[in-house]
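On the provided structure of chain A, position chain B as indicated by the hints.
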Amino acid sequence: MVAATARPSVRERAALILGRAAGTAARQLGRGGGTALPGLVAGVLAPRLLERLAQQAGQGVVTVTGTNGKTTTTHLIAAIFRAHGVQPLTNPSGSNLERGLVAAYVEDAEADGRIADAPSRVGVFEVDEAVLARLFSRLSPRVAVFLNLFRDQLDRYGEVDSVGEGWGGMLASAGPDCTLVLNADDPSIAQLAAGTRARVLMFGIDDPEARLAEAEHASDARFCRCGGRFAYEAIYMGHVGIWRCSSCGDRRPRAFVSARRVKLSPDGSRVEVDIDGAVVTLEIPMAGLYSVYNALAATAASYALGVPATTIARALAEAGPAFGRQERFEVEGRTVRVLLAKNPAGLNELLRALIAGSPEREPIHLLAMLNDGVQDGQDVSWIYDADIEVLAGRPMTVTCSGGRADDFALRWHLAGVDPAAVVPDTEAALDDALRRMPPGARLDVVATYTAMIDVREALARRAGVGAYWEKAER
Amino acid sequence: MTPAPPERTIRVVTLYDDVMNVYADRGNLIALEARAAEHGVGVEVQSVSLGDPLPEDADLVLIGGGQDREQRRVADELAVRGPVLRAWAAAGTAMLAVCGGFQLFGRWYRDASGTELPGAGVFDVTTIAPGPGAARCIGDILANVEIEGVGEVVGFENHGGRTYLGPGGRPFARVEYGRGNNGEDGTEGAIFQNAVGTYLHGSLLPKNPALLDWLIAAALRHRYGEGSSQALIEPRPAPYAERAHAASAAVARRRSPKFEPVVK
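These protein sequence lines are chains A and B, in that order. Residue numbering for the first sequence follows the numbering used here, beginning at 1 and increasing consecutively. Residue numbering for the second sequence follows the numbering used here, beginning at 1 and increasing consecutively.
Honestly, the hints are just simulated from the structure, not real lab data. As the structure is a prediction and not an experimental result, all values here were calculated from the model. The beta-carbon is built from N, C-alpha and C at its ideal position, and this holds for glycine as well. One should not assume that every hint holds.
Beta-carbon label-pair distances, calculated as ranges [what the hints assert, rightly or not]:
1. A/V465 - B/E184: 31 to 41 Å
2. A/R229 - B/D57: 21 to 31 Å
3. B/E146 - A/P253: 38 to 48 Å
4. A/C226 - B/E242: 39 to 49 Å
5. A/G373 - B/E242: 34 to 44 Å
6. A/V390 - B/D57: 27 to 37 Å
7. B/A134 - A/D274: 46 to 56 Å
8. A/A231 - B/D57: 24 to 34 Å
9. A/A231 - B/V45: 19 to 29 Å
10. A/E165 - B/P257: 22 to 32 Å
11. A/E389 - B/P235: 24 to 34 Å
12. A/E209 - B/E242: 24 to 34 Å
13. A/A194 - B/R254: 26 to 36 Å
To be clear about the criterion: a stretch of chain B counts as covered by chain A if any three or more of its residues have a C-beta under 8 Å from a C-beta of chain A, and this derived list gives those stretches [unchecked claim]:
14. 29-38
15. 62-71
16. 198-206
17. 233-243
18. 247-259
So here's chain A without its partners, still in its complex pose:
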């Protein structure tokens, strides 16, 4: 019985109350959403709150990790469970370190430290890829989703390999009561299946039409565990595709949840998905092949916990975007879409999504924002690994903005797309970008994390929408 072990101590209850007070104070002082502070305060006072949180979710815990797509996938899994009549307990707004998870507990705890209806709830938490190894056994997830592993913020993580090695060590101790939901198409993820006793459920794309004409540059898993080189029958993005090791013969495994027909458009995707022999059509209201992967991962994770395929399809079709991930705003008669881009693989996929199914003569209007804070990555060199060249020759206007607007402008110039303007200030850049496009057209904003927060706030104000901590779904 879960409840017996989950009874929070007096100290833990006090920590929850103080954590909540810290969050309220932060909001009243105008210090942003306070999405992490409550967890930080409570977690310091009572270090085992994370275990208490995980133990209370009676339907178990789902963790979501990977370089790209964590927030959206978490958001989709939560939406699927809501449609299934199960209330999720989740960390919103991408606050994915331990304090962000504890903050979710702080928000939902009753005065006695219990979470209302805990036995009927499922925990759905996105977890930063570098901290998952430390949190895994404490969360003991029933389902652990691994999306992809790309280079990201090397100034913070050191090297890509060390993240993958940390996961490998952690999974050696996972047992058959845990299901790993793995991306079959990313060899650095699919090969995690080899070193574990956990159950494994693979998802992937089996549609050669979705392949890239030529390999992108941001490719990170060139070598197999055995030391051999990977060869590809089809590449969908980066190092993700139908792979095979040319040395040991290990190959991309069969996908249990498999996308057979993928149709991309600038506004969304339509895919036929085979779930262990049953075919459903998913309408995904988010652009880009990377959104398809997120939807497949969410499908596999919720299917593993018993949600019927028809419920999954209905929930996905109705799911709105996650915070700052393809969110739309109506501003001055124009639609503005906000796209988070924080690493080369992510930016490549956004650029592909912008041109997918879009006529060559249709002008693209972009506001490209590059910041260099800790959350963005202080090292901005990653922009050279993104294939911005794919946009060269198209009719478009680009306004470069952010603290490193000049670095971004140089990158666009070298890619053959001279920016129309370079405007570091967010509000002024937004004015500039809107002025350069006709009414009725769509402005796409690609922005690093802190730039996304800034521009989203400016857009929300102009569109008359609330600030993010008011909107975040729980």
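Only chain B this time, still in chain A's reference frame:
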């Protein structure tokens, strides 16, 4: 009307660019091709990876950085190619070896596990990875180059290894903000004739147009001979690059430590 093909070209070899590219070093090639075109210089690029033969000769060699796993794969082969690369460097071939590529262009590199990897020996430097306990050198860096007309270079460094110059080694630059070769002696990189080794990525060449022009000019001299009219390039503005340089330099001055030598 298509422009006339350039009457002069440089032969560029990129080494292991499919393996050693972790910090966006391909930006160096992108900038090189664009800038060479502005100078009316054609660029023939040959990509040489594991197992591929080296060409007869090259005017400019580029190699980037990799992770430990990748550097181990490259090191053995690079050591075998050492004599050719050293002969090229001695004959004036321009080179740019960044981060891991710089380490492997030295005499040897001892990785975090204690394994000693042989180097190509183009530079008289040795590198020791101090292991998991020691902090990586990560951050914005600004250094001053002693080559006339090049001056200040800016970039980002991210390396575990500490590099030390041997008796025949000359530093490429002196650190003003950041850490450089080892964080102790204020040296950054190494230079031998027209070959440059450095820890600066960012990418380096796009936002350091003076260094980029110097490398192009050196490659042209190697191809056409000192004093040949074909080896000359005229000064040209590079407005995007100069603004990005100024912005990056301001960031380095603001948030990197001013270098102070360690007194032992």
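Consistency of the hints with the structure:
no.: 1; hint: A/V465 - B/E184: 31 to 41 Å; result: 53 Å, violated
no.: 2; hint: A/R229 - B/D57: 21 to 31 Å; result: 29 Å, holds
no.: 3; hint: B/E146 - A/P253: 38 to 48 Å; result: 56 Å, violated
no.: 4; hint: A/C226 - B/E242: 39 to 49 Å; result: 48 Å, holds
no.: 5; hint: A/G373 - B/E242: 34 to 44 Å; result: 25 Å, violated
no.: 6; hint: A/V390 - B/D57: 27 to 37 Å; result: 34 Å, holds
no.: 7; hint: B/A134 - A/D274: 46 to 56 Å; result: 50 Å, holds
no.: 8; hint: A/A231 - B/D57: 24 to 34 Å; result: 32 Å, holds
no.: 9; hint: A/A231 - B/V45: 19 to 29 Å; result: 23 Å, holds
no.: 10; hint: A/E165 - B/P257: 22 to 32 Å; result: 31 Å, holds
no.: 11; hint: A/E389 - B/P235: 24 to 34 Å; result: 28 Å, holds
no.: 12; hint: A/E209 - B/E242: 24 to 34 Å; result: 45 Å, violated
no.: 13; hint: A/A194 - B/R254: 26 to 36 Å; result: 47 Å, violated
no.: 14; hint: 29-38; result: holds (count 3)
no.: 15; hint: 62-71; result: holds (count 4)
no.: 16; hint: 198-206; result: holds (count 4)
no.: 17; hint: 233-243; result: holds (count 3)
no.: 18; hint: 247-259; result: holds (count 4)
The structure does not agree with the numbered hints 1, 3, 5, 12 and 13 stated previously, though it agrees with the rest.
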